[in-house]
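Peer 1: Using the sequences and the accompanying hints, generate a full structural model.
Number of protein chains: 2
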Amino acid sequence: MGLIVQKFGGTSVKDRNRIFNVARIVANTRKAGNDVVVVVSAQGDTTDDLIAKAAEISSNPSDREMDMLLSTGEQISIALLTMALQELGISAISLTGWQAGFATDRSYTKARIKRINTERLESELARNRVVVVAGFQGLNRSDDITTLGRGGSDTSAVALAAALHADRCQIFTDVEGVYTADPRKLPKATKLKEITFDEMLELASLGAQVLNNRSVELAKKYGVELEVISSLNPVPGTIVKEETKVEGMLIKGVAKDENVAVISIMEVPDVPGMSFKVFSLLAQRNINVDIILQSSGRDNSKDLIFTVPLTEAQTALSVLNENKNRFGGGDIKVSTDYAKVSIVGAGMQSHSGVASSMFEALFNQGINIHMISTSEIKISVIIDKTDADRAVAAIHDAFIH
Amino acid sequence: MGLIVQKFGGTSVKDRNRIFNVARIVANTRKAGNDVVVVVSAQGDTTDDLIAKAAEISSNPSDREMDMLLSTGEQISIALLTMALQELGISAISLTGWQAGFATDRSYTKARIKRINTERLESELARNRVVVVAGFQGLNRSDDITTLGRGGSDTSAVALAAALHADRCQIFTDVEGVYTADPRKLPKATKLKEITFDEMLELASLGAQVLNNRSVELAKKYGVELEVISSLNPVPGTIVKEETKVEGMLIKGVAKDENVAVISIMEVPDVPGMSFKVFSLLAQRNINVDIILQSSGRDNSKDLIFTVPLTEAQTALSVLNENKNRFGGGDIKVSTDYAKVSIVGAGMQSHSGVASSMFEALFNQGINIHMISTSEIKISVIIDKTDADRAVAAIHDAFIH
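These protein sequence lines are chains A and B, in that order.
In terms of the UniProt record's numbering, the numbers along the first sequence are unbroken and rise by one, the last being 401.
In terms of the UniProt record's numbering, the numbers along the second sequence are unbroken and rise by one, the last being 401.
If you're looking for bench data, these hints aren't it; they were derived computationally from the structure.
Please read these numbers as outputs of a predicted model, since none were measured by experiment.
Don't take each hint at face value.
[Said to hold, decoys possible] Keeping only pairs whose Cα atoms sit at most 30 angstroms apart, straight-line, the calculated BS3-like set for lysine-lysine is:
1. A:Lys31 to B:Lys53
2. A:Lys14 to B:Lys53
3. A:Lys385 to A:Lys188
4. A:Lys53 to B:Lys53
5. A:Lys221 to A:Lys241
6. B:Lys110 to B:Lys221
7. B:Lys185 to B:Lys14
8. A:Lys14 to B:Lys14
9. B:Lys333 to B:Lys277
10. A:Lys53 to B:Lys14
11. B:Lys53 to B:Lys110
12. B:Lys385 to B:Lys302
13. B:Lys324 to B:Lys385
14. B:Lys220 to B:Lys191
15. B:Lys241 to B:Lys185
16. A:Lys14 to A:Lys185
17. B:Lys31 to A:Lys53
18. A:Lys14 to A:Lys193
Peer 2: See below:
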């Protein structure tokens, strides 16, 4: 008994059958005595189809008009899902982003929510209606439609849950929850009952791809309890919240990330300011640098080795080569045959032996470690891509099974 | 040099090429020194596709949600056309119905425009932008999206032209203007330079299908000069306005309408109130009765013969049969093998011989007339459907060529 925000992605509403599947989940939640606000994305390929239409017109369409175009995708979904709910006898109403009171900043295609005016929403809830809200969109101060960019519907749902002080925000996906490793790759991976926001953030950034990071950060900031849950199989999912019960398991998950390239700049002069010069160049291009390793080279020089997303490796390489004279380095090499494998778990730093157990597991498999990075709740290693799946299985065996 | 409202239907923006064709027309109008407001419909089959999606969910979807769904069609069009204009170097911005200030009443799917708040529109025009407005839609007092129903985009354009005191409202279609007869059926039909609102109303209601009647009525009410013009062939179209120049042609057009059924109620008692009882029954079901003919029958009875749209003939027949005892009539028959052929021209009533010339033309072709109806600017006859095209040609020959 409470107020629950339920978010469904594009795959969950891609056709008539999936829409009715979602409508039944919502109807059951409502019949159990809860108030329900539903946030939906555009159907299946709708957004891609709309982008293709725009691409036929212009290779560089204006951001404002793209938002005008793309926001129709969610508007179609909310109308259809509301019709399905009504067909099941549930009183329901659809609201676009602007009708639901989403006020954003001016940045078209990647707007940020500034506040949600929940007046209309609360009046519809007071009329005992399920409210179906278009995710991913809002209105800026000029009364122009904006979209929130990638992962936008998750963010819409969490922001709405925060604004309405909802008891829970359920993110429905095609997986049953958060797993100790990718269950498609490692069948013995197990579903976690609970995980903290920080652990979830580390896992998401490691390529677990269950929840969008921005939405987890927002949930952490406003203390919104999340549940990652399957829209196809009605079993409890994984709860993401501030504190988790002690589950007797230190390591929450093992994640693999293949979107990684290693860049090596050899023989950088060993004088102050060189690292700053290199990394500020990359920051200007919005290229995120992850693990950094600085080794002493020969003759008063050092080697600077770091990882960037594979998708941005070419841009990084061009920028560095163009500006080579500014940091006076030697050869710049990019290696793309690597993967990052990480273990995540709050408090691992205070438990001795976690890192060495991980390295032992890899050693037993004859897997060579190229780089290492550690944080409060994470240990990552860069290894050969071909070793990655074997590494995940070995580490999983060592810590979880 | 002035303010021109240009309206383009769904066929005119159905794909990339047609969108750029429209963009070039708008760009040329702009470059000629005019301010331009463009009103567009949904692309080609978009509305039908959306209706099909709704039909998969519900056989009777809520009107509010249908409007939420269908209004996305025009929103897609305005974004794409605006991108095309920008691609041609024209400063442009798209506005949805609610952004353009269309305030409507509450009747979803067939809303009526109550007023247009032109503040946003005028500020965009003041910034030298072409404004591309979604036709067919508005916002009601609850901030819910409404649609205007059939012919809605024409009505949007005319209402906008009236609110902005535009110099002209151009309705672009796939024909070059208003013809003296249907040019697909009668190749020698000629395009009219000018026609009055009243003549246009008669022609539209007679099945000429060039302009939606509601939009012509609105144009007449607010004195908005219309031009019916081709989006494919850049030649002057037909001007529709209050007074036309004397063109030396009394008869403006010959029209055929096959959406007609003749209902005969035989042996209605010849006492007061019988006609009222019959036609009030039909009015309650929103069935429009057109031509009425009352003949004296035998033995203190009369026969009541009238036409209704073919599409409503079965409903009319059911209503009349269910309530037969209220007007005590005999047999009720429906004949569907008829067509209505009409000539339209202001002031024909004051010219003697128009009717007899029309009847003579039909007689010369051996065409039998079943019913006759006349008004200030129109003479209609009901004849066999198989004679209709021949009748149009003969009448056209008699009056126009």
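Peer 1: Next, verify each hint and record whether it holds.
Peer 2: Taking the hints in turn, this is what the structure says about them:
no.	hint	verdict
1	A:Lys31 to B:Lys53	holds, 27 angstroms
2	A:Lys14 to B:Lys53	holds, 11 angstroms
3	A:Lys385 to A:Lys188	holds, 21 angstroms
4	A:Lys53 to B:Lys53	holds, 20 angstroms
5	A:Lys221 to A:Lys241	holds, 11 angstroms
6	B:Lys110 to B:Lys221	holds, 20 angstroms
7	B:Lys185 to B:Lys14	holds, 26 angstroms
8	A:Lys14 to B:Lys14	holds, 24 angstroms
9	B:Lys333 to B:Lys277	holds, 18 angstroms
10	A:Lys53 to B:Lys14	holds, 11 angstroms
11	B:Lys53 to B:Lys110	holds, 20 angstroms
12	B:Lys385 to B:Lys302	holds, 26 angstroms
13	B:Lys324 to B:Lys385	holds, 29 angstroms
14	B:Lys220 to B:Lys191	holds, 21 angstroms
15	B:Lys241 to B:Lys185	holds, 26 angstroms
16	A:Lys14 to A:Lys185	holds, 26 angstroms
17	B:Lys31 to A:Lys53	holds, 27 angstroms
18	A:Lys14 to A:Lys193	holds, 28 angstroms
This entry satisfies every hint, going by the numbered hints stated previously.
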